[in-house]
Amino acid sequence: MISFQNVSKIYSNSETHTALNEVDFKIVPREFISIVGRSGAGKSTIIKLLIGEEKPTKGRVVFGHYDVSQLKPKELPKMRRHIGVVFQDFRLLPTKTAYENVAFALEVAGTPEREIDDLVRETLDLVGLDDKADNFAHELSGGEKQRVAIARAMVNRPDVVVADEPTGNLDPFNALGIVNLLVQINELGTTVILATHNKEIVNQLGRRVISLENGRIIRDEEKGRYSLS
Amino acid sequence: MVTTIYRLFKYGVQTFWRQRLLSIATMVVILLALLVFEALIVFGVVARTALAAIQDKIDISIYFNIDTPEDEILAVKRSIEGLEEVKSVEYVSRDQALALFQERHKDDQTITTALEELEENPLSASLNIKAENPDDYAVIAAYLNNNVPTERVENITYNQNQVVIDRLASIIRVSRQVGILSALFLTVVAILVAFNTILLGIYSNREEISIMRLVGASNMYVRGPFVVMGIIYGLITAVLSILITAPVVYLSSPYVRLFIPEMNLAGYFGSHIGLLLLYQILFGVGIGVISSFIAIRRYLSI
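So the protein sequences, as listed, match chains A and B. Each residue of the first sequence is one higher than the one before, counting from 0 in numbering that gives the first Met the number 0. Each residue of the second sequence is one higher than the one before, counting from 0 in numbering that gives the first Met the number 0.
Please note that a few of the clues may not be correct.
[Stated by the list, open to error] Which stretches of chain A does chain B cover? Using the computed rule of at least three CB atoms under 8 Å from a CB of chain B, they are: (1) 12 to 26; (2) 64 to 77; (3) 102 to 108.
[To be verified] Here are the simulated DSS-like cross-link-like pairs (lysine-lysine), alpha carbons at most 30 Å apart as the crow flies: (4) A:K95 x B:K9; (5) A:K131 x B:K9; (6) B:K9 x A:K77; (7) A:K73 x B:K9.
Just so you know, the hints here were simulated from the structure itself, not pulled from any lab data. Source: prediction; values computed, not measured. We treat Cβ as the ideally placed atom computed from N, Cα and C, and that holds for glycine.
Bound conformation, chain A alone (with noise of 0.2 Å):
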């Protein structure tokens, strides 16, 4: 479902930095998958490459019946509609409540009036903010601001949700809350792509995991660990 094909990202700004080099590897409809690796070993731009934020400088990247490196900006909208996104700052849209902020992932993407207050109830219910509803971004703590950034990641039932260190910015309880509402969306039928830094996670969830180390991937294992040498 999803494919980066031989894909190198080279950033040239005052000095040429590679980002990327030769990655290859697939992932398959509701796999659960650990991207891992120091920082700046890669992972964010893996993501980015998914979501068609940057565009590779070599290679393919493929999802679904995307070709996402081809896209032009006029069509990443939709291809994103299917694609959930967690980053670890929150992302969230601070003029909106968190009510608000879930129901806009709905409303651009076209669903009717009445079939969206139905959904975002039931998926703030599910991410256990039901009552945290109205409040703006500023009024949340971390934990909280990045469960509305799940249930907007999930609301309108992407095919993949992709995690971009999504527990950085939080302490261990509510990064355990986090990844456990990540695990709860796989068994939900989702592909979820998780980028972390975070050892006992990886450990723990038995997945499985590439590991990046300077651009390259140095590992791919099913049921792998964190482990860079």
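With chain A held as given, fit chain B onto it using these hints.
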């Protein structure tokens, strides 16, 4: 489609309200721009009326010798009317001239008695000529000098007033050009200032715009709310600007009239208020919408 438009308006109104401070700051600047724009319109009207009033006071007259037959004068009149520079020609017969003269001096006993003592009407018939453009008097005067037989002509006033008329004509011409140029300049300044303010407002929302894109919002969904806010800015500031100008216009109207008796500023404002409001709205909404549209362009490529 209806749902989409409803949502865009909802977001626009919501953001406008939730970012009140930013909205007010932006609107103050647009309001200033609109006031400049409106002042330009009103000053333009006043200046045009003043210039027209001055221009209307300029004319040249040709006085005919007493013995010139009327049909000859009328022939001259027709030939002058044929000139494209001429706006109007008025024939004042000897009898009319006398009547006018008596009317003007009816309180002056000496003149009245003197007139009565004369057996014949001493006044000449004349043609009063107004030009389309004050610059054309020289042309008309030259035509008169060349085409009307000198033995028939007693006097052509342009010949004495040439310097004054030419100077007035050039003052009118220069005032018009300066007026148009300064109006253009001020309008451009007002537009640029308002544009920059909106640009900054959107710049402060760039993070939000990128989040919207990442969540899968199409350009329309990102741009729409800002365009709606632009419309709101335009509507509110247009109404405010009319509300602010109205008392100023009504209070200053009597003073303007002292200088330019032909100008009824309050009356003009009252009868054109709808049109002025429309211009303001077009200007305000135009600035709001176009600036938002342009400003967001650069954030839509993410």
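Going down the list of hints, with the structure as the test:
no. : hint          : result
1   : 12 to 26      : violated (count 0)
2   : 64 to 77      : holds (count 5)
3   : 102 to 108    : holds (count 5)
4   : A:K95 x B:K9  : holds, 12 Å
5   : A:K131 x B:K9 : holds, 21 Å
6   : B:K9 x A:K77  : holds, 22 Å
7   : A:K73 x B:K9  : holds, 23 Å
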